[in-house]
Amino acid sequence: MPDTKRQPKQRSLPEAGQMADRVAPFALIVGIVLTTVGFFLAFFYAAPVNGAEVYARDAAGNILRDSAGNALPALEEIGGQLVSNVLLISQKIFYFHMPVALVSFLALAVAAFYCVRFLMTKQQRYDTCARISMEIALVFVICTMITGEMWTRFEWGVWWTWEPRLTTYLILMLVVIAYFVLRNALDDPERCATYAAVVGIIAFVDVPICFMITRLVPSSVHPVVLREGGMSADMGITLVLVLIGMLCVAFALYRMRFRQVRMQERVEALKAALDEE
Amino acid sequence: MNPVLQEIYSTVIPSAPYIIAAYALLWVVLLMYVLFVVRGFKKTEKQIAILEEALAEKEGLNR
Numbered sequence: 059m060p061d062t063k064r065q066p067k068q069r070s071l072p073e074a075g076q077m078a079d080r081v082a083p084f085a086l087i088v089g090i091v092l093t094t095v096g097f098f099l100a101f102f103y104a105a106p107v108n109g110a111e112v113y114a115r116d117a118a119g120n121i122l123r124d125s126a127g128n129a130l131p132a133l134e135e136i137g138g139q140l141v142s143n144v145l146l147i148s149q150k151i152f153y154f155h156m157p158v159a160l161v162s163f164l165a166l167a168v169a170a171f172y173c174v175r176f177l178m179t180k181q182q183r184y185d186t187c188a189r190i191s192m193e194i195a196l197v198f199v200i201c202t203m204i205t206g207e208m209w210t211r212f213e214w215g216v217w218w219t220w221e222p223r224l225t226t227y228l229i230l231m232l233v234v235i236a237y238f239v240l241r242n243a244l245d246d247p248e249r250c251a252t253y254a255a256v257v258g259i260i261a262f263v264d265v266p267i268c269f270m271i272t273r274l275v276p277s278s279v280h281p282v283v284l285r286e287g288g289m290s291a292d293m294g295i296t297l298v299l300v301l302i303g304m305l306c307v308a309f310a311l312y313r314m315r316f317r318q319v320r321m322q323e324r325v326e327a328l329k330a331a332l333d334e335e
Numbered sequence: 203m204n205p206v207l208q209e210i211y212s213t214v215i216p217s218a219p220y221i222i223a224a225y226a227l228l229w230v231v232l233l234m235y236v237l238f239v240v241r242g243f244k245k246t247e248k249q250i251a252i253l254e255e256a257l258a259e260k261e262g263l264n265r
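Sequence order for the protein chains is A and B.
Going by the numbering used here, the first sequence opens with residue 59, and the numbers climb by one from there.
Going by the numbering used here, the second sequence opens with residue 203, and the numbers climb by one from there.
So here's chain A without its partners, still in its complex pose (with noise of 0.2 Å):
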């Protein structure tokens, strides 16, 4: 008689070599090519954020007043628009801080999934996902400090202020950080997995705690964008095809490092073997 007992479904374990590593390169020329346009549509498609606002003058410089004293706007025609505010250019920077930002949660959630995957199954291969998945996460993090320190030090003055979102970000970016220190301090393979593990889940839950952050702390001045309104269409469209080809990139990343590590790994094996013998 058949044995009509089920047997555990047997997870095939990731490896190198699959269709997701012939899918890579041209993920990676596609999230090339994405960027690309992304950045030339944030400079020449979606139009400029206003800025202060620019009051009519007269000839020794001060400002014009109605008969109720409000401050009259002074208006420009560019581009078939009125326009009576300053112009920041310096928002741009926005339109790849923002998907590297997002990139940056994606690839700490891909993180936890295998530190999970490790600790329910103590299987070295997701600790190997978890670790590279850690890597990714810390390049778009740093991005994403880069980024945000250039268009904080030019749009609020200074290179740091202890705002709830930069704060909560900085905290994940330490906790990434720790979990890499972690791995190197550790002899024992199987330990190291498994606190690094830990680590990497702890710094997962930072992630909704960032993202919210904003919302929940009304005084925060770090700007909220994904609200109704929040963004026009060109700025929208801008935005998804840069994060489009910044997840493109990632994906591509991750699994170049994967290959490599994977390769390395067998050489590992067989150097063993060979010792034995």
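Hints listed in this document are in silico derivations from the structure and should not be mistaken for laboratory results.
Being a predicted model, the structure only gives us computed values, none of them experimental.
Mixed in with the good hints, there may be bad ones.
[As the list claims (entries may be wrong)] Here are the simulated PhoX-like cross-link-like pairs (lysine-lysine), alpha carbons at most 25 Å apart as the crow flies:
1) B:K248 with B:K260
2) A:K329 with B:K245
3) A:K329 with B:K244
4) A:K180 with A:K329
5) B:K260 with B:K245
6) A:K329 with B:K260
7) A:K329 with B:K248
[Said to hold, decoys possible] Rough simulated footprint, nothing fancy, chain B against chain A, three-plus residues with beta-carbon under 8 Å:
8) 144-150
9) 306-315
Ideal Cβ placement from N, Cα and C applies to all residues, glycine included.
Since chain A is already given, all that's left is putting chain B on it; use the hints.
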């Protein structure tokens, strides 16, 4: 340029170095990671070559 237009465009030149730095440094970081991975590939290839040599030597001794 009239003073109103000058004020409207007043942030363009001052913000240019920060915009250029943001985009340039972003791509530098991504490129550095790519170079890190490529260096890993080269190291692994060298180790494969050493393994192949060791295997060939072993086969030569066995004959």
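Hint by hint, here is what the structure shows:
This hinted pair checks out: K248 of chain B and K260 of chain B have alpha carbons roughly 18 Å apart, not beyond 25 Å. At roughly 14 Å between alpha-carbon atoms, K329 of chain A and K245 of chain B fall within 25 Å of each other, so this suggested pair holds. Straight-line distance between C-alpha atoms of K329 of chain A and K244 of chain B comes to about 17 Å, which keeps the hinted pair within the 25 Å bound. Of the supplied pair hints, the one linking K180 of chain A and K329 of chain A holds, its CA atoms being roughly 24 Å apart against a limit of 25 Å.
Distance restraint check for K260 of chain B and K245 of chain B: the Cα-Cα separation of roughly 23 Å lies within the 25 Å cut-off, and the hinted pair is therefore satisfied. Straight-line distance between C-alpha atoms of K329 of chain A and K260 of chain B comes to about 13 Å, which keeps the hinted pair within the 25 Å bound. For the proposed pair K329 of chain A and K248 of chain B, the alpha carbon gap of about 13 Å is at most 25 Å, so the pair holds. With 6 residues having a Cβ less than 8 Å from any Cβ of chain B, the stretch 144-150 of chain A passes the three-residue criterion, so the hint holds.
As drawn, the stretch 306-315 of chain A meets chain B at 4 residues by the rule of a beta-carbon pair under 8 Å; at three or more, the given contact holds.
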